[in-house]
Amino acid sequence: MEIVFALAVGVLAGSGIYLLLRPRTFQVIMGLSLLAYAVNLFIFAMGRLRLGAAPVIDPARGSDPALYADPVPQALVLTAIVIGFATTALFLVVLLASRGLNGTDHVDGREPDKE
Amino acid sequence: MNGWLQHLPILPVLLPLCTGTLLLLSSEQRRGRRAAIALCATLAQLAVAIVLLAMADGRVVAPWPGEIGVYALGNWAAPFGIVLVVDRLAAIMLTLAATLGLATLIYSLARWERAGIHYLPLFQFLLMGLNGAFLTGDLFNLFVFFEVLLAASYGLALHGSGAARVSAGMHYIAVNLVASLLFLIAAALIYGVTGTLNMAELAQRVAVLDADDRTLFDLGAVLLGIVFLVKAGAWPLNFWLPAAYGAATPPVAGIFAILTKVGVYALLRFAVLLEDVGAPAPFRGDWLFYCGLATIAAGTIGVLAAQKLDRLASHLVIVSSGTLLAAFGFTGTTLTGPALYYLVSSVLGMGAFFLVIEMAERNRTVAADMLAISLEAFGLQDKLDSEHPDEVAGIPIPAAMAFLGLAFFSCALLLTGLPPLSSFVGKFALLSAAIAAPPQAPLLHAGLFVAALLLSGLAGVIALSRLGIRVFWDTERPTPRLQWLEAGPVAGLVLVCVVLSFGAGPAMSYFNAAAQSLHDASVYVGSVLPAAAAGGAP
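Residue numbers (the numbering used here), protein chains in the order written: chain A, 1 to 115; chain B, 1 to 538.
Calculated directly from the structure, the hints in this document are not laboratory data.
For each residue, glycine too, the CB sits at the ideal point set by N, CA and C.
Hints may contain errors.
Stated by the list, open to error - Some chain A residues flagged as far from chain B (calculated, every beta-carbon gap over 12 Å): (1) Ile3; (2) Leu7; (3) Val28; (4) Leu51; (5) Ala60; (6) Ala66; (7) Leu67; (8) Pro73; (9) Leu76; (10) Val93; (11) Asp113.
To be verified - Derived DEER-like restraints, expressed as beta-carbon distance ranges: (12) B/Leu14 with A/Ala86: 13 to 23 Å; (13) B/Gly66 with A/Val4: 33 to 43 Å; (14) B/Phe428 with A/His106: 25 to 35 Å; (15) A/Ala60 with B/Asp210: 28 to 38 Å; (16) B/Ile301 with A/Leu92: 45 to 55 Å; (17) A/Asp108 with B/Ala305: 13 to 23 Å; (18) B/Pro236 with A/Pro59: 50 to 60 Å; (19) A/Asp64 with B/Gly503: 38 to 48 Å; (20) B/Gln307 with A/Asp108: 51 to 61 Å; (21) B/Leu443 with A/Leu92: 49 to 59 Å.
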């Protein structure tokens, strides 16, 4: 499971960075989203990967911490997802405004000069 | 009474939050009432900040035991709950933010507030993010407050719209989003190996990490340092800054003057906490010192090359950031106090300068056109204004040009560190501390620091006088019309700097005390961890 998880994070982050460096705004926003997924998975993994362990204490299972997953990273991921969602939406609006004002979807607001 | 006073540290976060929400809900039409609400809230923040400033120094009886105030949110004790920490440094930064916020708010009420929607609520949320970032004692909470202030700053950077602002704003947002993702990775790494996000407990846990975990922690800390350096505008991570600051509306650029200092503040805060366990590269030592020098150099070149005043001002922001980074990277701790003094006076000067430029450049028609366009787009202009779009209402101050000249001159003195204003005192203290350092610090460092400081000041003088001549000695230009609402804040900011330079003795001793208690990390750790049980109880 660890290998699959690590590969998933790596592939997401790699594609995210590649897209982030591309010249079109839509590619940039896709890159940012992929990178955000990678980061969220990474935070989740930092609470250690566990199978069949809930983060919320269940009276039936007892209070031994070994039985439960670390709840803090999961709370952090929730916050990060919410913030990331909001900022991506905001960036999307700016992207559309830039497209409308400049008439191009290049990140610099104008087409590069052709050689 | 004492019971209520204990809740003072949360007010700088709660006040702008509630005010911002209230302003969001109130109708845009009732301009007077909204302005009054925003003004009262900012004034109240300033008052709270000043009280905290006095309490942190023990001038007023503080409701907390010991030197540093710790406020446990929800009354959960420190390693489990989130704490707000008030020490001298935090109080200084709070007061600075509130002062600058008040001045730019009053200025923007004169006309810029009408150039778009939701200016006032965004402004309050920006203040909330700033105050929270200065107060928090928790790493993830710091991230959240950074996001709050950044989200508000995205909106403010785009205030007034226009192609230039949107393009610059897009770069600004993209860079900061990536920095935020890095921050998350860093926070996750640090939590993963230390198992805590509380900054005080972090300092303790790091000391007992084994070698493998320590490597991971250092990696996280380096990423964190990079994030703070991006925010601080350190070279080579600052190419987004001149465009974003230069294109922003003037009052927004004025309050943005403090945004780079948030990065500097966070860097300093972590550097001293990790000092005992050996902070990784971005926080301390040669690495930071040379990074600071490179930032000063890059900023100085930008200052000399700038063709427009707003660009010039943005490059001066970079120079002042570089000066601070170099001072914090300098061997020993004697430069921290003077650096804090310099920070305060340079932020105030910078804020005033961004406001002055706009008034001085107002007679250029481009700016007036853009304002008129965005006013039309939002359908907000008054009936009077629509007949004379470039003569926005207001009583022309007699001798407006004289005032502008004087204000420009004072700002130039402040930004270049010439006597008699407060930046000179700050730079002088920095220089004398650097020259006195050599037995402990390498002579080369002291020499480089002094040279960088003097040369960047000289470049500032050359560039400012060159552009100043072009603006003020041009007889073709009509005299700009000013309102009292616009002239007042600038005069106020300059006056604060004058007071700072006349009261340099007490002020400097306060800053030195702040630096001293800051560098004694055990006081911070001791206050946050055991005191949490006793302090902060309602």
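Taking the hints in turn, this is what the structure says about them:
1. Ile3: Given a closest Cβ separation of 18 Å, the condition holds.
2. Leu7: For A/Leu7, whose nearest Cβ neighbour in chain B is about 17 Å away, the distance exceeds 12 Å, so it holds.
3. Val28: violated (6 Å)
4. Leu51: Given a closest Cβ separation of 18 Å, the condition holds.
5. Ala60: A/Ala60 is indeed farther than 12 Å from all Cβ atoms of chain B, at 24 Å.
6. Ala66: At roughly 14 Å from the nearest Cβ of chain B, A/Ala66 sits farther out than 12 Å, so the non-interface label holds.
7. Leu67: Given a closest Cβ separation of 18 Å, the condition holds.
8. Pro73: About 7 Å separates A/Pro73 from the closest Cβ of chain B, which leaves it inside 12 Å; violated.
9. Leu76: violated (6 Å)
10. Val93: violated (9 Å)
11. Asp113: Given a closest Cβ separation of 17 Å, the condition holds.
12. B/Leu14 with A/Ala86: 13 to 23 Å: Given a distance of about 21 Å, which is inside 13 to 23 Å, the answer is holds.
13. B/Gly66 with A/Val4: 33 to 43 Å: For B/Gly66 and A/Val4 the Cβ distance comes to about 51 Å; the hint is violated.
14. B/Phe428 with A/His106: 25 to 35 Å: violated (48 Å)
15. A/Ala60 with B/Asp210: 28 to 38 Å: holds (36 Å)
16. B/Ile301 with A/Leu92: 45 to 55 Å: At 36 Å between Cβs, range violated.
17. A/Asp108 with B/Ala305: 13 to 23 Å: Cβ of A/Asp108 to Cβ of B/Ala305: about 20 Å, so the range 13 to 23 Å holds.
18. B/Pro236 with A/Pro59: 50 to 60 Å: holds (55 Å)
19. A/Asp64 with B/Gly503: 38 to 48 Å: For B/Gly503 against A/Asp64, whose Cβ atoms are near 60 Å apart, the range 38 to 48 Å is violated.
20. B/Gln307 with A/Asp108: 51 to 61 Å: violated (19 Å)
21. B/Leu443 with A/Leu92: 49 to 59 Å: holds (54 Å)
When each numbered hint is compared with the structure, violations occur for hints 3, 8, 9, 10, 13, 14, 16, 19, 20.
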